[in-house]
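Line by line, the protein sequences give chains A, B, C and D. Numbering of the first sequence is given in the working numbering, commencing with residue 21 and proceeding in unit increments. Numbering of the second sequence is given in the working numbering, commencing with residue 21 and proceeding in unit increments. Numbering of the third sequence is given in the working numbering, commencing with residue 21 and proceeding in unit increments. Numbering of the fourth sequence is given in the working numbering, commencing with residue 21 and proceeding in unit increments.
Calculated from the structure, these hints are not laboratory results. This structure is a prediction, so every number in the text was calculated from the model and none was measured. No residue lacks a Cβ here, since even glycine has one placed at the ideal position from N, Cα and C. Accuracy of the hints is not assured; some may be wrong.
25 Å max Cα-Cα, derived DMTMM-like pairs, lysine to aspartate or glutamate [unchecked claim]:
1. 200(A) <-> 179(D)
2. 111(C) <-> 100(C)
3. 50(D) <-> 189(C)
4. 200(B) <-> 98(C)
To give an idea of the interface, some chain D residues facing chain B are shown, with a C-beta separation under 10 Å as derived from the structure [to be verified]:
5. 33
6. 102
7. 175
8. 192
Number of protein chains: 4
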Amino acid sequence: MCIGGESVSDDYSVGIPDDHFIRGHIPMTKQEIRVLVLSQAKIKSGHTVIDIGAGTGSLSVEAALQSGTGKVYAVEREPEGFELIKRNAAKFGVATIQPILGDAPAALAGLPQADTIFVGGSGGHLQEILAAARQLIKPGGRIIVTAVTIETLHNTLADMEAQSAFQTEAFCAQITRINKLASCHMLQALNPIYIITAIAPAAE
Amino acid sequence: MCIGGESVSDDYSVGIPDDHFIRGHIPMTKQEIRVLVLSQAKIKSGHTVIDIGAGTGSLSVEAALQSGTGKVYAVEREPEGFELIKRNAAKFGVATIQPILGDAPAALAGLPQADTIFVGGSGGHLQEILAAARQLIKPGGRIIVTAVTIETLHNTLADMEAQSAFQTEAFCAQITRINKLASCHMLQALNPIYIITAIAPAAE
Amino acid sequence: MCIGGESVSDDYSVGIPDDHFIRGHIPMTKQEIRVLVLSQAKIKSGHTVIDIGAGTGSLSVEAALQSGTGKVYAVEREPEGFELIKRNAAKFGVATIQPILGDAPAALAGLPQADTIFVGGSGGHLQEILAAARQLIKPGGRIIVTAVTIETLHNTLADMEAQSAFQTEAFCAQITRINKLASCHMLQALNPIYIITAIAPAAE
Amino acid sequence: MCIGGESVSDDYSVGIPDDHFIRGHIPMTKQEIRVLVLSQAKIKSGHTVIDIGAGTGSLSVEAALQSGTGKVYAVEREPEGFELIKRNAAKFGVATIQPILGDAPAALAGLPQADTIFVGGSGGHLQEILAAARQLIKPGGRIIVTAVTIETLHNTLADMEAQSAFQTEAFCAQITRINKLASCHMLQALNPIYIITAIAPAAE
Numbered sequence: 021m022c023i024g025g026e027s028v029s030d031d032y033s034v035g036i037p038d039d040h041f042i043r044g045h046i047p048m049t050k051q052e053i054r055v056l057v058l059s060q061a062k063i064k065s066g067h068t069v070i071d072i073g074a075g076t077g078s079l080s081v082e083a084a085l086q087s088g089t090g091k092v093y094a095v096e097r098e099p100e101g102f103e104l105i106k107r108n109a110a111k112f113g114v115a116t117i118q119p120i121l122g123d124a125p126a127a128l129a130g131l132p133q134a135d136t137i138f139v140g141g142s143g144g145h146l147q148e149i150l151a152a153a154r155q156l157i158k159p160g161g162r163i164i165v166t167a168v169t170i171e172t173l174h175n176t177l178a179d180m181e182a183q184s185a186f187q188t189e190a191f192c193a194q195i196t197r198i199n200k201l202a203s204c205h206m207l208q209a210l211n212p213i214y215i216i217t218a219i220a221p222a223a224e
Numbered sequence: 021m022c023i024g025g026e027s028v029s030d031d032y033s034v035g036i037p038d039d040h041f042i043r044g045h046i047p048m049t050k051q052e053i054r055v056l057v058l059s060q061a062k063i064k065s066g067h068t069v070i071d072i073g074a075g076t077g078s079l080s081v082e083a084a085l086q087s088g089t090g091k092v093y094a095v096e097r098e099p100e101g102f103e104l105i106k107r108n109a110a111k112f113g114v115a116t117i118q119p120i121l122g123d124a125p126a127a128l129a130g131l132p133q134a135d136t137i138f139v140g141g142s143g144g145h146l147q148e149i150l151a152a153a154r155q156l157i158k159p160g161g162r163i164i165v166t167a168v169t170i171e172t173l174h175n176t177l178a179d180m181e182a183q184s185a186f187q188t189e190a191f192c193a194q195i196t197r198i199n200k201l202a203s204c205h206m207l208q209a210l211n212p213i214y215i216i217t218a219i220a221p222a223a224e
Numbered sequence: 021m022c023i024g025g026e027s028v029s030d031d032y033s034v035g036i037p038d039d040h041f042i043r044g045h046i047p048m049t050k051q052e053i054r055v056l057v058l059s060q061a062k063i064k065s066g067h068t069v070i071d072i073g074a075g076t077g078s079l080s081v082e083a084a085l086q087s088g089t090g091k092v093y094a095v096e097r098e099p100e101g102f103e104l105i106k107r108n109a110a111k112f113g114v115a116t117i118q119p120i121l122g123d124a125p126a127a128l129a130g131l132p133q134a135d136t137i138f139v140g141g142s143g144g145h146l147q148e149i150l151a152a153a154r155q156l157i158k159p160g161g162r163i164i165v166t167a168v169t170i171e172t173l174h175n176t177l178a179d180m181e182a183q184s185a186f187q188t189e190a191f192c193a194q195i196t197r198i199n200k201l202a203s204c205h206m207l208q209a210l211n212p213i214y215i216i217t218a219i220a221p222a223a224e
Numbered sequence: 021m022c023i024g025g026e027s028v029s030d031d032y033s034v035g036i037p038d039d040h041f042i043r044g045h046i047p048m049t050k051q052e053i054r055v056l057v058l059s060q061a062k063i064k065s066g067h068t069v070i071d072i073g074a075g076t077g078s079l080s081v082e083a084a085l086q087s088g089t090g091k092v093y094a095v096e097r098e099p100e101g102f103e104l105i106k107r108n109a110a111k112f113g114v115a116t117i118q119p120i121l122g123d124a125p126a127a128l129a130g131l132p133q134a135d136t137i138f139v140g141g142s143g144g145h146l147q148e149i150l151a152a153a154r155q156l157i158k159p160g161g162r163i164i165v166t167a168v169t170i171e172t173l174h175n176t177l178a179d180m181e182a183q184s185a186f187q188t189e190a191f192c193a194q195i196t197r198i199n200k201l202a203s204c205h206m207l208q209a210l211n212p213i214y215i216i217t218a219i220a221p222a223a224e
């Protein structure tokens, strides 16, 4: 992978294993889901990314590795998450992540227009966050919502499709890990995640 | 995405939509699965890739976009697939794909050592193909098998883990597409796919 | 299974294979889903059942086999479905099914109080159908909705839980069939179905 | 449901909620899976059932409720499970369960011919257990294996299909529970389970 003109080590290409991140008590988007979310994001070097509900910062780190000279704003309302984002950014050597402690959408004030906006958590303010994201997204940019509740899934689809200029698509990913136990391979389900992508209209 | 120093168009970054490929009557690995498989492959510019059971060539095309100046050998035993690979390589402007018509492992004769080997079809010769893949893989390289049958899943795990030098891991991906129908969003399941990755021992 | 004091043949106990039913061009609830839906319904001999959006009548037939001397009202708005219900009732020898051609909730007029009400299709009138079902359900009875769209899932949960007297629960069932093909077993996904059960308050 | 001529309470019809059982540290087959397994078993009043790897006895209890005057032999090698089976049988008032502490197939010695044999655990002796089950099953009876590992799934299919007189079928069930959390409904995956059914040849 090509990042700001430099190569990074093998381990840091897209799809970093979960246990490479420093984790606390905060839920982390799993590796396979991060990969699918990033494939929707189409991040390129120089891109600006906003990650709302950044949690441990795992997605922010992978986005930063892809955006190279760009900037990643990682918004998180839990102080523990805020600290984890800083620690994970340091661990992976990405200086372009700016952690922001606060609730969205208020915490989005002053952020620049972005090429990609991730919404991984909404703290009960989904509608306001989506409205703010539509204001912040560049023409042709992508808003990507990961939903683990029926309400976030339904309301995101309803809200985004009410904006006819945006092109919306969605799918569900259900990953089952296979764990070696003695000489057997056991099936262990991860929770299903719905991934909704809304593409902003191109500039005229 | 940075390929051999040049940028490619938006549409051609990882995760190309299925309907961008020319399709025949041959099953095609779906977009979400290609994304997950590629994230396991860690392909870098200059890498050599062998795609066994390449089908329509959709995975070969995405691998070629990632391997840049490298080479992708796309082995397919169905003449229809062989033609589709050529047409899709032309459509996406990747000149580094070399389609090979024939049955693996015989058709692998003369191929160079590879950084990544995909096994998407085995035509009943799984064990011989895996043995050949282990001969062809570079130190630290990755063999990635996609399994849609219980036998391929089980036998790949058993065969690869018998090679204690290889590090093997696996998971199942079950994707459900969400299709808009009038004002409703319908759930449409894709078939589950097991993805098995075996990493060759590093050079001493 | 004990039905009205008489035994029925092996093939007619709960979980009748799909291909035992006469099928047209109408979607049929699959065997495994019927089994799960029936396990939520707790139908006993003598019970009254209403099946809204009965389709081919497969669920009505299984409900009739369980309700024995009870009655099953199978409401379907497609004439093809209406005919299939009659033919399947005849094939399985259940005389207690009364097919009703028409749109719910209008077609529910005059039906008696029921122990179980299935909602398998709503034709865009979900809210009115759920309201009618709450009027028709006996104390302690069960309304069971099968949802194949995000809207039916979300709106059923929201609508039923707004009735605090009803106890609501839900799960998703994703069945993958295993088909023998030559010496291999292929994985074939059925579409996921959400099953929502609302239990009416007991009589005081 | 009709059990030995008597009715049981609502709660005890097929599909007993998980939390109605006394549970220890032993994995329990979940409600939805029990329902699907029982639908494959076609148990009738008077039937003899053997439950190998009975765990907490949840499946044995449901089988006993269906087999009425029949007998259920619940084989379990863990003393904790053995005790739980006794306690759950007592809780649900089924006197027809005979718990057997020991390893299968040795612990099967002396058991009578059975209409249904469940194999929920094999302790590394799958092949011997399946061979013993084929000896113990009545003509037309059903052997039902629940598999949570790739090896049990694959080896059961291979072993049963080598017996051409037996008719084998299989599917995977992946259940996702929906949990209410504040005003949201969260998706929580249960591990997928493969259910393999082998039907013995009918008597000549």
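Does the structure break any of the earlier hints, and which numbers would those be? When the structure is compared with the hints, numbers 5 and 6 turn out to be violated.
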